[in-house]
Amino acid sequence: AERGGVRHDHFQRCDQCLRKRRRMEEIVGNEVMMLSAVELDTITFGTAMSACAKGSAWGEALQLCNVMREKCVDSNVITVACAIRACEASGEWESALQLFCTMPQRKLEANEMTFSAMISACELGGKWENALHLFGMMAQRKVELKTITFNAALGACSKRGDCEEVLRLFSVMVHAEVDADVITFGAAMRACEKDGDWAGALQFFSQMM
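Remember, the numbering used here sits 238 above the position in the sequence shown when you count from 1.
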């Protein structure tokens, strides 16, 4: 009886989450329809894009991008980053990459915000090679590297189990004087664990103390 009750509670929570997601999609969808009927600017679209990112509404975010083009409203780095974040949260790394690749056409230069969002999208999509390639592009273009960026790259390494790359990234962090946090060390330890390097995992753990 207890097991049946737990199962019922689980399905109830899932149903609540599904209803919440559908409600968010309805709200964003209604906003898109209203946006099509009024005069708007980049800031207004940016606010709507931010709502899509928070609600993981990647389809609606792409729809807003289309509305911007139809209305000849200039996009900026923030609107593109929010759209990429929406794709990232939904696991749509390919759609995120398409948006990222359109930035030169829009005469936009990728910054730390867009790179971090794109690296996270690739990490969550299991595309660690793409994530590390993007990280390398940031260094080449001398884009500011922050903790969140390193965490995304380290997350990709943890899924691959590449301790050597983890150590290299940590060396870069120290050289760039970027502070590591709990997420940083957690990703590093997971990479060592997957690689069977328990000594390396303990070494990272000791640095947290």
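A couple of the hints might just be wrong.
What the hints assert, rightly or not - Below, computed lysine-lysine pairings styled on BS3-like, alpha-carbon distance capped at 27 Å:
1. K365 / K384
2. K397 / K345
3. K432 / K292
4. K432 / K384
5. K397 / K292
6. K397 / K384
7. K365 / K397
8. K432 / K397
9. K365 / K432
10. K380 / K365
11. K365 / K309
12. K292 / K345
13. K380 / K345
14. K292 / K309
15. K292 / K365
Said to hold, decoys possible - Distance ranges between label pairs, derived from CB positions:
16. Q336 / Q445: 36 to 44 Å
17. A437 / K309: 56 to 64 Å
18. V412 / G329: 28 to 36 Å
19. L440 / K345: 26 to 34 Å
20. R307 / T285: 13 to 21 Å
21. G364 / M446: 20 to 28 Å
22. M375 / E415: 17 to 25 Å
23. G434 / V410: 21 to 29 Å
24. E431 / E308: 46 to 54 Å
25. S444 / P342: 39 to 47 Å
26. E415 / E308: 26 to 34 Å
27. K384 / M447: 38 to 46 Å
Treat the hints as calculated values from the structure; they're not laboratory data. Note that CB positions come from ideal geometry on N, CA and C, so glycine has one too.
A quick look at each hint next to the structure:
no.: 1; hint: K365 / K384; in the structure: holds, 21 Å
no.: 2; hint: K397 / K345; in the structure: violated, 34 Å
no.: 3; hint: K432 / K292; in the structure: violated, 31 Å
no.: 4; hint: K432 / K384; in the structure: holds, 25 Å
no.: 5; hint: K397 / K292; in the structure: holds, 25 Å
no.: 6; hint: K397 / K384; in the structure: holds, 21 Å
no.: 7; hint: K365 / K397; in the structure: holds, 9 Å
no.: 8; hint: K432 / K397; in the structure: holds, 8 Å
no.: 9; hint: K365 / K432; in the structure: holds, 17 Å
no.: 10; hint: K380 / K365; in the structure: holds, 23 Å
no.: 11; hint: K365 / K309; in the structure: violated, 34 Å
no.: 12; hint: K292 / K345; in the structure: holds, 26 Å
no.: 13; hint: K380 / K345; in the structure: holds, 18 Å
no.: 14; hint: K292 / K309; in the structure: holds, 24 Å
no.: 15; hint: K292 / K365; in the structure: holds, 23 Å
no.: 16; hint: Q336 / Q445: 36 to 44 Å; in the structure: holds, 39 Å
no.: 17; hint: A437 / K309: 56 to 64 Å; in the structure: holds, 58 Å
no.: 18; hint: V412 / G329: 28 to 36 Å; in the structure: holds, 32 Å
no.: 19; hint: L440 / K345: 26 to 34 Å; in the structure: violated, 49 Å
no.: 20; hint: R307 / T285: 13 to 21 Å; in the structure: holds, 18 Å
no.: 21; hint: G364 / M446: 20 to 28 Å; in the structure: holds, 27 Å
no.: 22; hint: M375 / E415: 17 to 25 Å; in the structure: holds, 21 Å
no.: 23; hint: G434 / V410: 21 to 29 Å; in the structure: holds, 24 Å
no.: 24; hint: E431 / E308: 46 to 54 Å; in the structure: holds, 49 Å
no.: 25; hint: S444 / P342: 39 to 47 Å; in the structure: holds, 44 Å
no.: 26; hint: E415 / E308: 26 to 34 Å; in the structure: violated, 45 Å
no.: 27; hint: K384 / M447: 38 to 46 Å; in the structure: violated, 24 Å
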